[in-house]
Every structure is written in C-alpha cells, then in structure tokens.
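Based on these hints, arrange chain B on the given structure of chain A.
Chains as they are written, first to last, in the working numbering: chain A, 3 to 351; chain B, 33 to 325.
Quick caveat, the hints were computed from the structure, so don't treat them as lab data.
Don't be surprised by glycine CBs; every beta carbon is placed ideally from N, CA and C.
Watch out, some of these pointers could steer you wrong.
[Claimed, not checked] Straight line, CA to CA, 20 Å or less: simulated EDC-like cross-link-like pairs of lysine to aspartate or glutamate:
no. : chain 1 : residue 1 : chain 2 : residue 2
1   : B       : LYS231    : A       : GLU73
2   : A       : LYS179    : A       : GLU153
3   : B       : LYS231    : A       : GLU161
4   : B       : LYS216    : A       : GLU73
5   : A       : LYS103    : B       : ASP179
6   : B       : LYS216    : A       : GLU177
7   : B       : LYS216    : A       : GLU153
[Unchecked claim] Only part of the chain A face toward chain B is listed, based on derived beta-carbon distances under 10 Å:
no. : residue
8   : GLY53
9   : ILE57
10  : THR58
[Unchecked claim] Quick list of the computed label-pair ranges, beta carbon to beta carbon:
no. : chain 1 : residue 1 : chain 2 : residue 2 : range
11  : B       : ALA209    : A       : GLN127    : 45 to 51 Å
12  : A       : GLU118    : B       : LEU249    : 37 to 43 Å
13  : B       : ALA209    : A       : SER66     : 44 to 50 Å
14  : A       : PRO109    : B       : LEU181    : 55 to 61 Å
15  : A       : SER40     : B       : ILE214    : 52 to 58 Å
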Amino acid sequence: MAEITLNNVRKSYGTVEAIKGVSLDIADGEFVVLVGPSGCGKSTLLRMIAGLEGITGGDILIGSRRVNDVEPAERDIAMVFQNYALYPHMTVRQNLAYGLKNRNTPPAEIERRIAETSKTLEIAQYLDRKPRQLSGGQRQRVAMGRAIVREPAAFLFDEPLSNLDAKLRGQMRIEIKRLQRALGTTSVYVTHDQMEAMTLADRLVVVNAGRIEQVGTPLELYEKPATTFVATFIGSPSMNLLEGTDTSSGWSLSADVPRPEGRYMLGVRPEDLHLAPPDGRPFAFQATAHIDGIELVGAESLLHGRLADGTPLVFRVSGRSRSEIGDEVTVGASADALHMFDADGRRHA
Amino acid sequence: MQSVVFPNKVLPYLLLTPQIVLTVVFFFWPASQALYQSVLREDPFGLRSGFVGLANFRAILSNPDYLHSLKVTVVFSLATALLSMAVALLLATSAERVVRGRNIYRTLLIWPYAVAPAIAGMLWLFMFNPAMGTFAYILRRNGFHWDPLLNGNQAMTMVIIAAAWKQISYNFLFFVAGLQAIPKSLIEAAAIDGARGAKRFWTIVFPLLAPTTFFLLVVNTVYAFFDTFGIIHAVTGGGPAKATETLVYKVYNDGFVNLDLGGSAAQSVILMIIVIALTAFQFRFVEKRVHYS
Numbered sequence: 003m004a005e006i007t008l009n010n011v012r013k014s015y016g017t018v019e020a021i022k023g024v025s026l027d028i029a030d031g032e033f034v035v036l037v038g039p040s041g042c043g044k045s046t047l048l049r050m051i052a053g054l055e056g057i058t059g060g061d062i063l064i065g066s067r068r069v070n071d072v073e074p075a076e077r078d079i080a081m082v083f084q085n086y087a088l089y090p091h092m093t094v095r096q097n098l099a100y101g102l103k104n105r106n107t108p109p110a111e112i113e114r115r116i117a118e119t120s121k122t123l124e125i126a127q128y129l130d131r132k133p134r135q136l137s138g139g140q141r142q143r144v145a146m147g148r149a150i151v152r153e154p155a156a157f158l159f160d161e162p163l164s165n166l167d168a169k170l171r172g173q174m175r176i177e178i179k180r181l182q183r184a185l186g187t188t189s190v191y192v193t194h195d196q197m198e199a200m201t202l203a204d205r206l207v208v209v210n211a212g213r214i215e216q217v218g219t220p221l222e223l224y225e226k227p228a229t230t231f232v233a234t235f236i237g238s239p240s241m242n243l244l245e246g247t248d249t250s251s252g253w254s255l256s257a258d259v260p261r262p263e264g265r266y267m268l269g270v271r272p273e274d275l276h277l278a279p280p281d282g283r284p285f286a287f288q289a290t291a292h293i294d295g296i297e298l299v300g301a302e303s304l305l306h307g308r309l310a311d312g313t314p315l316v317f318r319v320s321g322r323s324r325s326e327i328g329d330e331v332t333v334g335a336s337a338d339a340l341h342m343f344d345a346d347g348r349r350h351a
Numbered sequence: 033m034q035s036v037v038f039p040n041k042v043l044p045y046l047l048l049t050p051q052i053v054l055t056v057v058f059f060f061w062p063a064s065q066a067l068y069q070s071v072l073r074e075d076p077f078g079l080r081s082g083f084v085g086l087a088n089f090r091a092i093l094s095n096p097d098y099l100h101s102l103k104v105t106v107v108f109s110l111a112t113a114l115l116s117m118a119v120a121l122l123l124a125t126s127a128e129r130v131v132r133g134r135n136i137y138r139t140l141l142i143w144p145y146a147v148a149p150a151i152a153g154m155l156w157l158f159m160f161n162p163a164m165g166t167f168a169y170i171l172r173r174n175g176f177h178w179d180p181l182l183n184g185n186q187a188m189t190m191v192i193i194a195a196a197w198k199q200i201s202y203n204f205l206f207f208v209a210g211l212q213a214i215p216k217s218l219i220e221a222a223a224i225d226g227a228r229g230a231k232r233f234w235t236i237v238f239p240l241l242a243p244t245t246f247f248l249l250v251v252n253t254v255y256a257f258f259d260t261f262g263i264i265h266a267v268t269g270g271g272p273a274k275a276t277e278t279l280v281y282k283v284y285n286d287g288f289v290n291l292d293l294g295g296s297a298a299q300s301v302i303l304m305i306i307v308i309a310l311t312a313f314q315f316r317f318v319e320k321r322v323h324y325s
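Isolated chain A, as found in the complex (with noise of 0.2 Å):
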C-alpha cells in the first residue's frame, strides 16, 4: 500500500522532450487511469513510474520513497503487460512463483499465495499448463495472477484489456475493477480507450502531447472538462465543437447566455442535443442541420448532419430516427448543457 507522486517529471529523448513536466498526486488505495490518444507520454509514463525508462528530470515518490534511481525489483510495484509478458518456457505455477522466488520468500508462503491467487482469479485448474495452452482471457487472468501474487505496494496496468475482444474486454474490465477494491492496492493503468477510462478509474488523468490536460473523477471530466481536448476526448460519439462568431450560419445562440469576448468554441454532446425541448422551455442554443449519416446503434441512432457553413454536427435520438437521409433538422440544448471555450481551447468560467 502506498501512495505515489510525481513531481514535475520529465522525459527527453535527445532533444526530442516526450513528457514535459508532469505532476501528480496518486492516493494510496485509489485507481487512477491515464487516458490519451497513442504517442501522447502515457505509457512513457508509466514505465517511468515502474522503472522501465529512465527520468531526465523531477521526482517520482512511491510511498514517499524518492525512486529515481531504484531498480525495478526494488520499487515494489507489479506491472500487467499489454502482451501479458508470461513467461513461455514456464508453467503458470512457476510464472507466479518467479517473482516470489527471486525476492527469497519461503516456499510454504509460495505455495500459500499461490493457492490464494489462484483462487480469486479462477485459474486453480491451469497452474500446471504453459501459457500457450491457455487461452486470451487466461492469459490475462495469469498476467493479473502475477501481480497480485507478489502484493505490491502499486500495480501498474499498460493497457491490458487491449488484445482482448470487445465482449471479453467488458468482463475483465469489470473484474479488474472488484479486484481493485477488495485488494485496497494503489493502480496506474493506462488505456486509449475513454470507454475503459470512464468505468474503471476513481480518478482520470488525460495527458496529450507529454501534458496533463485534466485530472478529475470521469464525471468532473464529462461534466466540466478544462479544454477542448478533453471535451472531445471524453465521451462517445464526441463533443460537437462549434467556433462561435456573431454572425455564425446554421446556428443561435440566445442573448442571454454568458459567453467569451471575441472568438469562442461552443461545446454541445450529441445527447444534450434534442429535437424538441424536454423540459417545454425554448432552446437556448438551436441548429440546423442537414442530415448526411443515420448510424442505428440498437436502443439509440445517431445522426450525422453538417450546419449550412459545412460544420459537422452529430446528435443522438432514441430509437430509429424518423428523419432521413437529407432532412433538414432544427436539433437544440439548454444553456446549462453548453460548453463554453475561449479561442486557446480553455474553458470559459
């Protein structure tokens, strides 16, 4: 158990800087996912944390422990792979053994994790197989298996549910999660996947470009994110995002709604966007579109249309639509729905 911080770190590849100064706080106990699109410093930093790259510059503390310069072995932390990284020349018994073995625990206390782990993971029947007689998920559960075994202060997850498939993906998610909080043990897991991010983190950390945008529980994200990174970012299908001029075509804007001086980006999700207001009240935000793309995802379909001056625009109606194919729809939100940015992408208030 431990809590980790990373205090202004950086990472440099020659001159090329691939993190550029990162702080964070991490709880002891809680589960923090970073979440950014591939080559944004994630995994850097994670391996970073773990040990696997070394730091240019800044502290990372893990239970107040300065380990800059500590071996891997020694940070007490277990890492999951997103190969899994079994080893294939062992069986699953020696691959969770390894690391006990390594650090000198007595056998007895082996053999006693070793049953106690395979029973939370269900993997009790395949301890004498080699992981290439194992299947994906069960690979995975030994992957976990290995890391658990060890209780580490910290589990670093590297995008682990990736080479599973969508359905299997939703199960592990799920169970990665309970784990998490019967074992109590602080987690960094990193994903590109904000669906992943939003179920299983207490706390999301979006980096982009070696940055951190946002930290913030999924909701705080969803419901104020700082930038329109993370409001495109967070959310499925994306934030419309609409660059506001007074004399915008295809759109209004009610007087009465507060926005920035000059230039601004206005955000609405595609399920905030209605076709007739919920609530009786007039919209204070309303939109044209003529709709180009009708996506039926079962309970919902979305809608893809492009404003008069070409911007497209997507919004969510439950059931099947009754427009179709070149329709002209008038879509619009309530003001507490609308995000308001200033021209630099930050949010407004």
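For chain B alone, kept in the frame of chain A given last:
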C-alpha cells in the same frame, strides 16, 4: 491447403530438373558409389576389384587406428561445437548491450564466416606455427612449451580453436536474431520480478533461446564432422601421430593417399550412418525439451 495444378504437364518436371540433377550427381551417385565400393577390395595395382562382403567393415571396426580416430572426432566435434557456440553467445549478448555502432560491431563479427576453411586454418597456423608464428613466439618467451608439431594435445587445441573461430560468426548471427526475437516485455517483466544479470539470463533468456541453440547444435556438429577437413588438412595434416585425425580426414587419407578404396568407402558409409543417427537423435530427443513459442 489448396493443391496447385499446372496446366502444362512437362513444365513442372522441367522446373524441378536442375535441383534433382544436382542432388543425384552430387549426393546420390557418390553415396551409392561409396556403398558399392565398401563391399569391394582392389588389388594392389588397381587393375581388378572383387566382392568381399562385409570384410572391409570388419577390418575397420577391429582396427585400433579407426577407434582412435572415432575418439578424436568425438572430442574435436564436441569441443568445436561447444566452444564456438559459447563464444558466439557471449558476443551476441554483449552486442545486444552495445548502443552506439551496434551495426558496425555486428558486421565486423560476421566477416570470419566469409573466410574459406583452409585459409582460416592457414591463418591460425601462421600465428601459432612453432617456427615462425608470432603467438608461438610469445607463448614460448613466457615459458610455455608450445610445440603443436610434437604435442598432440596442443595440435588438437589449435585445430579446435581454428574450427570454432570460423563458426563463431555463423552462430553469432543466429544468436543475435534469437535474442532480438525475445519480446522486450518479457525481459522487463523479469526485471520487475527481481531477476538480474546472470539469473535473468539463465532463467529467462537462455530457455527462450533454446530453439536457436538446438538448431545450432545440429548445424555445428555436422560442421565439425564434415566441413573441418580443410582446416585439419592445412594446420596439422592429421598429425602429430594421428592426434588430430578425424573420421573425415581418415577417409581422405586412407582412400586418396593410401589408396585403400574399399576401406575408405566403408568408412564413409559408417560416417553417413553416424550423421544420420546423430541428427535423428537430436531431433527426436533434444527437440522435446525445447520450447517453441
């Protein structure tokens, strides 16, 4: 798998012909000649030869010279294969750690493979020849009594080193490729699991290299058995006192120098059987313990 059918009936045979001709002329024909010759005995003038059944084989197997040669071959092959593989593995793991100029090192290390066996032998002979070799001079000046022309063990050491040296490059190439094929995340997982240095190498890296090691073991044994004739011929000529006379060298010496064609052919047949058995054994038993991911 879908079977491919050529519309033309002649073309496929035509395309296969060169390979078949090569195999027949350079393998099946000599092999069958060896089998045929091994049951014949030629008169001293090479005018007539008569069928003698297995007499040649009986003569060989009861000949202490032959059994000595067998022993020499086993020592030579094992030592050559192990030495060249061990050094190659050491170099390959070291080359993995080099960051700057990695490709230059690799290229340089591969060069010896381009050297013909006889020339490789000559190189080592020049360096260690007791009369003119630089290293022989250094050894003697430091009080080491170096004389491979008289001392059989020293001669053996020299041919083993020369033969192994030539094979290091080849082994090195395969070990480098084998090391690169090990997923980096496995090494990282081992690092987090607290395995460092030698322990990580022997518990993770070496077992994962097993397919490469096994393949090289087969190749190197066959190399030491057959392809080292040139080195032995150039460096020691089988001497001193047959101390470095391997089976292949004895086949040549008995057949083409001493002109005992029947005996020599019988030896070739035995050699063929040994190599077939060796390869079959290696694939049958060693492969079982090898992990293929």
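Now for the hints, and whether the structure bears them out:
no.	hint	verdict
1	B:LYS231 to A:GLU73	holds, 15 Å
2	A:LYS179 to A:GLU153	holds, 17 Å
3	B:LYS231 to A:GLU161	violated, 28 Å
4	B:LYS216 to A:GLU73	holds, 17 Å
5	A:LYS103 to B:ASP179	violated, 51 Å
6	B:LYS216 to A:GLU177	violated, 27 Å
7	B:LYS216 to A:GLU153	violated, 24 Å
8	GLY53	holds, 8 Å
9	ILE57	violated, 16 Å
10	THR58	violated, 17 Å
11	B:ALA209 to A:GLN127: 45 to 51 Å	violated, 37 Å
12	A:GLU118 to B:LEU249: 37 to 43 Å	holds, 42 Å
13	B:ALA209 to A:SER66: 44 to 50 Å	holds, 45 Å
14	A:PRO109 to B:LEU181: 55 to 61 Å	holds, 58 Å
15	A:SER40 to B:ILE214: 52 to 58 Å	violated, 24 Å
The structure shown violates the earlier hints numbered 3, 5, 6, 7, 9, 10, 11, 15.
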